[in-house]
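Visitor: So the protein sequences, as listed, match chains A and B.
Residue numbers for the first sequence follow my numbering, beginning at 22 and rising by one.
Residue numbers for the second sequence follow my numbering, beginning at 18 and rising by one.
The reader is advised that the hints may include incorrect statements.
Unchecked claim - Pairs of lysine-lysine, DSSO-like flavour, derived with a Cα cap of 30 Å:
| id | chain 1 | residue 1 | chain 2 | residue 2 |
| --- | --- | --- | --- | --- |
| 1 | B | K71 | B | K146 |
| 2 | B | K257 | A | K164 |
| 3 | B | K257 | B | K150 |
| 4 | B | K257 | B | K146 |
| 5 | B | K150 | A | K164 |
These aren't lab readings, by the way, just hints derived from the structure by calculation.
Predicted model, so just to flag it, every value in this text is computed and none were measured.
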Amino acid sequence: MSLAITSAISLNPGKRVLPGFALSLGISLLFISLILLLPITGLVVQTAGMSWQEYWAVISDPRVVASYRVTLWAAAFASLFNGLVGLLLAWVLVRYEFPGKRIVDALMDLPFALPTAVAGITLSALFAENGWYGSILAEVGVKVSYTPLGIIVAMSFTSLPFVVRTVQPVLEDLAAEDEEAGISMGGSDMTVFRRVVFPSLWPALMTGIALSFTRSLGEFGAVIFIAGNMPYVSEITSLMIFIRLQEFDYAAASAIASVVLLASLLLLFAINLWQAHYLRRIHGR
Amino acid sequence: MKLAKQVKTLAAALALGFSAAQAQAADQSLLNSSYDIARELFASYNEHFADYWKNKTGQTVEIRQSHGGSSRQAQAIIQGLRADVVTYNQVTDVDVLHERGNLLPADWREQLPNASSPYYSTMAYLVRKGNPKNIQNWDDLAREDVSSVFPNPKTSGNGRYTYLAAYGYAQQVFGDDQAAIDAFVRTFLNRVAVFDTGGRGATTTFVERGIGDVLLTFESEVNNIIAEYPDHGFEVVVPKVSFLAEFPVAVVERHAERNGNLELARAYLEELYSEDAQRLLAGFNYRVHNETVQAEFADQFPPLELLTIEQIAGSWESAMTEHFANGGKLDQLQRR
Chain A
22 MSLAITSAIS
32 LNPGKRVLPG
42 FALSLGISLL
52 FISLILLLPI
62 TGLVVQTAGM
72 SWQEYWAVIS
82 DPRVVASYRV
92 TLWAAAFASL
102 FNGLVGLLLA
112 WVLVRYEFPG
122 KRIVDALMDL
132 PFALPTAVAG
142 ITLSALFAEN
152 GWYGSILAEV
162 GVKVSYTPLG
172 IIVAMSFTSL
182 PFVVRTVQPV
192 LEDLAAEDEE
202 AGISMGGSDM
212 TVFRRVVFPS
222 LWPALMTGIA
232 LSFTRSLGEF
242 GAVIFIAGNM
252 PYVSEITSLM
262 IFIRLQEFDY
272 AAASAIASVV
282 LLASLLLLFA
292 INLWQAHYLR
302 RIHGR
Chain B
18 MKLAKQVKTL
28 AAALALGFSA
38 AQAQAADQSL
48 LNSSYDIARE
58 LFASYNEHFA
68 DYWKNKTGQT
78 VEIRQSHGGS
88 SRQAQAIIQG
98 LRADVVTYNQ
108 VTDVDVLHER
118 GNLLPADWRE
128 QLPNASSPYY
138 STMAYLVRKG
148 NPKNIQNWDD
158 LAREDVSSVF
168 PNPKTSGNGR
178 YTYLAAYGYA
188 QQVFGDDQAA
198 IDAFVRTFLN
208 RVAVFDTGGR
218 GATTTFVERG
228 IGDVLLTFES
238 EVNNIIAEYP
248 DHGFEVVVPK
258 VSFLAEFPVA
268 VVERHAERNG
278 NLELARAYLE
288 ELYSEDAQRL
298 LAGFNYRVHN
308 ETVQAEFADQ
318 FPPLELLTIE
328 QIAGSWESAM
338 TEHFANGGKL
348 DQLQRR
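The following block holds chain B by itself, in its conformation from the complex (with noise of 0.2 Å):
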């Protein structure tokens, strides 16, 4: 067991020297553990703290990143690698890192505003150009004559959040009929044709494979492949009701310690809550909260009614118990 730890740190140490080769004269480095498709995002921010840190203290830094699906990236710092911070696309990630090996404090969510989480998304809906099913709300998803493209909610935190949206549109629509929600979460269920692993993976097989009317994943994403694939004519369709997707950070106290980086760990996340850093983060097509940078980009992101996970399942902790658990609602709902 013990060897395996060994090989896997090593494995993964192997695999930031690598990207780390570049900057060997900075005065302080920094690890940063990411989600899987912040790459770009935080290239990009890395830069601008560089610059930033020079300016108010005269040292050179160097941030080195390292990215994976955000579960996979909680068990790497649990398993030993030595992250200063996390920035991740799901809280329960950052709560295992307090769970498992009280590498932060249980509290870590009040250590900066908004709940830790200096932007947000939600889960928008790209369609085929013209959008020929008329594709406009959650009811339209289970329609019968509507597939529907998302990765698993199994395996992917982009699949727990459509899922959610959808429950609690439902939970909206039918308020106390516990039934009736259920009907239609299992129609909405149905309707999937393909369950991908991840989010990248659901996005292939909607756009190469030509499967499915929409592909649900978080509005950051369905903006960068608009982008990407131009030739297609993918549209935007953002429902009038869907779920708030936090991206929390936190400081692992108990690593950035040990590294000698408290100070620059903390001030590395604080300053994503500045004015450039929220325009930056904007740039990217992620909702901020700074309301000078929420007007400049009112017109790429449409209001809509954002559902918290308090709204619908009380916590996270007992969204994952009762809905996401081996035998828990989604299971019950996917049973034939």
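Just chain A, with the same shape it has in the complex (with noise of 0.2 Å):
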């Protein structure tokens, strides 16, 4: 994202390869309205049969609160221990060479082709107690699937290229000399990674960790066959949206996902309006 920004404006401004910015920016919108807005337009129409009151009754059902605080606390940890691993690995996949390295780089997609169903059953599978990874757990008397832990693990594992993928681009625009002179200058490593690397890093770590949270919490195949959707324990707000479409209650389903959809909005538009204020800050401009 910060990459797209970057190259854009170190263009000049007065030629551009794609002609007709009324064409490109009409197309644009069309698609932006049928692809984005219409089917949101659609959600605020299923809950426009509510009054206000229905409407917060629904969204306020004890049962779907105790949704919301497990999949905002679940997604919270997916999205944070992605951040320190995907970092982690972008910085491997960029600044070293050794053998495999574009099999793992493309293994790093995975997530995203995999169904999620296939990744849920998978991790329930390896986590059980009976499993490859759950039996050593189990020893170790931590249980993961059927508990809140095994939904961090399937979300952790849905999102993880997010910020594998938003890292690596800025990582490899960054110039291997930046830390030289850094180190020329006298700054320890731990100076040089927090005083040089890590401020060009930092609106892309946040932009991959934001996406992270919010497909996170949005997040339904993967997790309901680790959560164990106990109520009030382990139950997500997607199975809440579930159980109200099992209900043929369109209204009720469309309210609770307006909730999380809010909240993915604002989070996003947040990230966005920051890293616009950082980057200004970095550049100068």
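Using the hints, put the two chains back together into the complex; each one sits in its own frame.
Guide: Written out as structure tokens, the structure reads:
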């Protein structure tokens, strides 16, 4: 994301490769309307039949509120975990050469390619008490499958590529000379990382974490098979929506979905604002 | 909205197109919208019916199948899938076709014998080898040392039946003492280890993951699981009291008429009641009404007291509003 911004402003403003501003903008807006805004409008229309009291009653139902708590905490842990691991993976993939690097790089996208239900079933099999990982973890008294911990595992699996793929290009752009300059000026490794490398990575990393978080909020397929789905303990918000749909209560399903959507939109919007502010400060524009 | 509907219909049509690719030369074709686990059953019945129809009318018939969770199947029909007949595992999913789409008459249950349910089943237990926890009846499932697995009553008809069976048992034991009934069912629900969203998911949890001491599902499924995993040594326990799980069938009259299939669709469902078809159904571990066939399969189906929805909750309608609706009995009993 920040890469796009920097390359856009470095282009000569008078010359564009793609012609026809009006045409390209028109097509973009049409697609935004058809693919993004229309479904959201549909969502609002579904809830429009409800009064505010009904809407509030649906979204503040204690069981639904418990599911917000579970989902938010799990998504927060999963995305923070992904922030750390994703940064590490991106770093290794960009800065080192090792045999099989291309394969590892390609594997990074696997969670996107795999149907989430398959991921969920596989993870719950691995982490169940009779599974490969689960049997080892059980010896130290850790249960993953069918607990909230399982939700975190599923969420971080499905959203890891977001962090890797947002940080990677920025890291590739970051010249090794910058670090060398820092070191030659007497900075310790830690100082150079903190003052030179990290400030450039930070916006991309934040975007990656935020995308990972919002994706986790909406994840259904992978989580449902590993969560155990116990009321008030390991039920996620997507399951609440699914339950309302099963009851043919489309309005209530849309109402709960609107809460998730609003939370995601606010978060992404806040990140974008913050990022613009940060980049202005860094680049002094 | 309309676009979304069309896309869905198109997707459904494509999916059906693939399954229907093998038979082009049939004189007539019929679409049966059915529940998830009935694939093998209807594949077998369709062969039987095609022969029967050929003998009777000289015409070849091609029957296309669509399977899925029966609530979702009903939604697909409401949204435009032109199925001729439905063969479901929940009465409410057929009712919804009348309520939401007026696709069949309100009295559809009176169109065929046995309240339009040619076969039935009940909720039974699958326990681990040798029944180590000695689980025999519903009160054992409320014991502290027993953990059970069944799908979420909120998302699965299978789970709803299990809940109703336990509730009906509690009504029988505690009579008018509503507090005792609630306490029992609350404990029963607390003993559940995992709530999967569907029946097959619960089976996987119990069989593959080794979770729980007992799996609760249809008697017909329990027997299939034993046949599928002979090495596990699972055993069936049929409780003394359980729920009468009906498998309602109906002609989607509005669609069948438009497809010119009304007569064929009716014959397709009526033939389910013939002795040969009933024998075929019993072979798939469903209980049937035909007395000759009942006698043949007597060993396989131990007698038990079957509680109907009318006995437990008055009707399906009141069961849905009082027990399963948002904030209903089930929600109250699961509240902490």
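Visitor: If a hint holds in the structure, say so; if it doesn't, say that too.
Guide: Hint by hint, here is what the structure shows:
no.	hint	verdict
1	B/K71 - B/K146	47 Å, violated
2	B/K257 - A/K164	36 Å, violated
3	B/K257 - B/K150	17 Å, holds
4	B/K257 - B/K146	21 Å, holds
5	B/K150 - A/K164	23 Å, holds
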